[in-house]
Structure formats: C-alpha cells, structure tokens
Amino acid sequence: MSAATIGKPHAMSDKTTRPVSPLSPHIQIYRWQWTMALSIAHRASGIALTVGTLLLVWWLVAAAAGPEAFQTAQEFIGSFFGQLLLIGWSLAFFYHLSNGVRHLLWDSGRFLELGPAYASGLWVLASTVILTALAWLLAIAHM
Amino acid sequence: MSLKSPLGQVRGLGSAKEGVQHWWLQRVTALALIPLGLWFVLSIIGMTHAGHDEMVAWLSSPFTAALAILTIVATFWHAMLGVQVVIEDYVHNETTKIAALLLMKGLLILLAMASLLSVVVLMVQG
Numbered sequence: 000m001s002a003a004t005i006g007k008p009h010a011m012s013d014k015t016t017r018p019v020s021p022l023s024p025h026i027q028i029y030r031w032q033w034t035m036a037l038s039i040a041h042r043a044s045g046i047a048l049t050v051g052t053l054l055l056v057w058w059l060v061a062a063a064a065g066p067e068a069f070q071t072a073q074e075f076i077g078s079f080f081g082q083l084l085l086i087g088w089s090l091a092f093f094y095h096l097s098n099g100v101r102h103l104l105w106d107s108g109r110f111l112e113l114g115p116a117y118a119s120g121l122w123v124l125a126s127t128v129i130l131t132a133l134a135w136l137l138a139i140a141h142m
Numbered sequence: 000m001s002l003k004s005p006l007g008q009v010r011g012l013g014s015a016k017e018g019v020q021h022w023w024l025q026r027v028t029a030l031a032l033i034p035l036g037l038w039f040v041l042s043i044i045g046m047t048h049a050g051h052d053e054m055v056a057w058l059s060s061p062f063t064a065a066l067a068i069l070t071i072v073a074t075f076w077h078a079m080l081g082v083q084v085v086i087e088d089y090v091h092n093e094t095t096k097i098a099a100l101l102l103m104k105g106l107l108i109l110l111a112m113a114s115l116l117s118v119v120v121l122m123v124q125g
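Residue numbers (numbering that gives the first Met the number 0), protein chains in the order written: chain A, 0 to 142; chain B, 0 to 125.
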C-alpha cells in the first residue's frame, strides 16, 4: 500500500475497484500490553490442549486394548516426562477454562470497560495458579 | 441476476456468507465443558496409578460412560471450531486453507472416534 492511501478508507487502489480499507496495526508495531499476552495465551493454550488430546486418546485406547497396554500408558504418564507434560496440560487447561469464562462474560456484555477488562485478567491469572495448585495437591494427596 | 433487493440477499448472511452458528456452537460447547472438564480432571486425578481393573470398574458405570462420551464430543467439537478459526486467520491461500481445514477436521474426528469406541469397549467389559 502506498503512503498516500493510508488513512483514506475510501480511496480506490489502481488494480482493482475494491476500496482500500485501513489495516489494523500489525503485531510488530502494536504497543505491547499484558492483556494482549493473555489473549494470545488463550489461543496458544487452546492449541496446546488440542495437541494434548493425543495423550488422552492414547490413555483411553490403551485401556480398551488391555492391561499390558494400559500399564505402559500409566507408566509413561507417571514418568518424569509424563508428569512434566501433565503440569503443562493442567496449566493450559485451567488457564483456558478461567479465561474462557472471562470470554463468556464479555459475550454477555459484562467487564468490557478498560478497568474491569484489566482486573478480570488478573483474576484469570490468580484462578489459573490456584486451580492448578489445588489439582496437584489433590493428586499428591491421592498418591 | 436476482430480483431480490440487495438487503434481502444479504440479510442474515453477513460478509462471511453464513450465520452465527459457528460462533454460537463454540460458546455452547464452552459452557458444557465447564462442568464436564472439571469432572474429567477430578476423575483422572482419582485414576492416578490406577490399574486396568480400576479403569474398567470406573467406566462400567453407565453414568460415568455417559459423562465421558459427552466430554469427548464437547472437547473435540470445541477444539475443531477453535482450530478452524486459527487456520482461517493465518492461512490465506485458499487451496492450502481448505486442505488444512479438511486434514485437521478429519484427524480430530478420528481421535474422537477412537476415544468414543474405547469408552464403549470398556463399558461393555465391566
């Protein structure tokens, strides 16, 4: 886009008859804000959880396949690497859950003002840490 | 050439040529996954170090199996809708985009199917 057309939403480009719309700022020039990091983390945790379903599917299929296969899956999950994966999975799960509730509240028209939008972000971070810690305390108490 | 007015042609369609179904289903599955996801996490915490017998016993209850099936359906449906938006946002070549969408949806349907059948197999065993 030439410099002359920037900021002129109704200017016509040379090649087509489509109006040249103003572009939203690219991430490289957009001033970094931590609410933006939360937004990116929502997407990233969603992708991570989708990939993480592979572990869940393996666990269920192994159980259906029989005791030996299930034993192998349980041993992997109990291993250092397996536990590391579960810590990451649980963090992604509780973050996506907490921030997902924030999104649903936004969809209902609440917390959209600047102050509540920031404050609810802090609540999401607190809830992620608390819920993940609670889940692991339960798991340790169960062992 | 249609005799319908421009307003009549676009009403309810928007620039994406489809309605609000994708948006709505993503929210409905999200809402369902709040209780289902928490139930599932609590359940797998209970299954830490469980043997095969305990796993079969857990899923032999029709109540547990039903909740597991609902969790699996809601999870993969929600994931499919979410990853679709990510692909549509970042893949701009039409051919690549359609190929990526079909591949992603096919893979997730296979994973969902494998999980669902495993739950049914375990339920019948118990």
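Quick caveat, the hints were computed from the structure, so don't treat them as lab data.
Cβ coordinates follow ideal geometry from the N, Cα and C atoms, glycine included.
Possibly wrong hints are sitting among the right ones.
[What the hints assert, rightly or not] Coverage of chain B stretches by chain A, computed from C-beta distances (three or more under 8 Å per stretch; other residues unrestricted):
{"hint": "1", "region": "20–30"}
{"hint": "2", "region": "38–46"}
{"hint": "3", "region": "64–78"}
{"hint": "4", "region": "81–94"}
{"hint": "5", "region": "104–118"}
[Claimed, not checked] What the simulated footprint calls covered on chain A by chain B, stretch by stretch (three residues with Cβ under 8 Å from a Cβ of chain B suffice, anywhere in the stretch; the number is not a length):
{"hint": "6", "region": "37–46"}
{"hint": "7", "region": "58–66"}
{"hint": "8", "region": "108–116"}
Taking the hints in turn, this is what the structure says about them:
1. 20–30: With 3 residues close enough to chain A, the hint holds.
2. 38–46: holds (count 4)
3. 64–78: With 3 residues close enough to chain A, the hint holds.
4. 81–94: holds (count 3)
5. 104–118: holds (count 7)
6. 37–46: The restraint on the region 37–46 of chain A holds, since 3 of its residues have a Cβ under 8 Å from chain B and three suffice.
7. 58–66: Since 6 is at least three, the answer is holds.
8. 108–116: violated (count 0)
When held up to the earlier numbered hints, the structure conflicts with hint 8 and nothing else.
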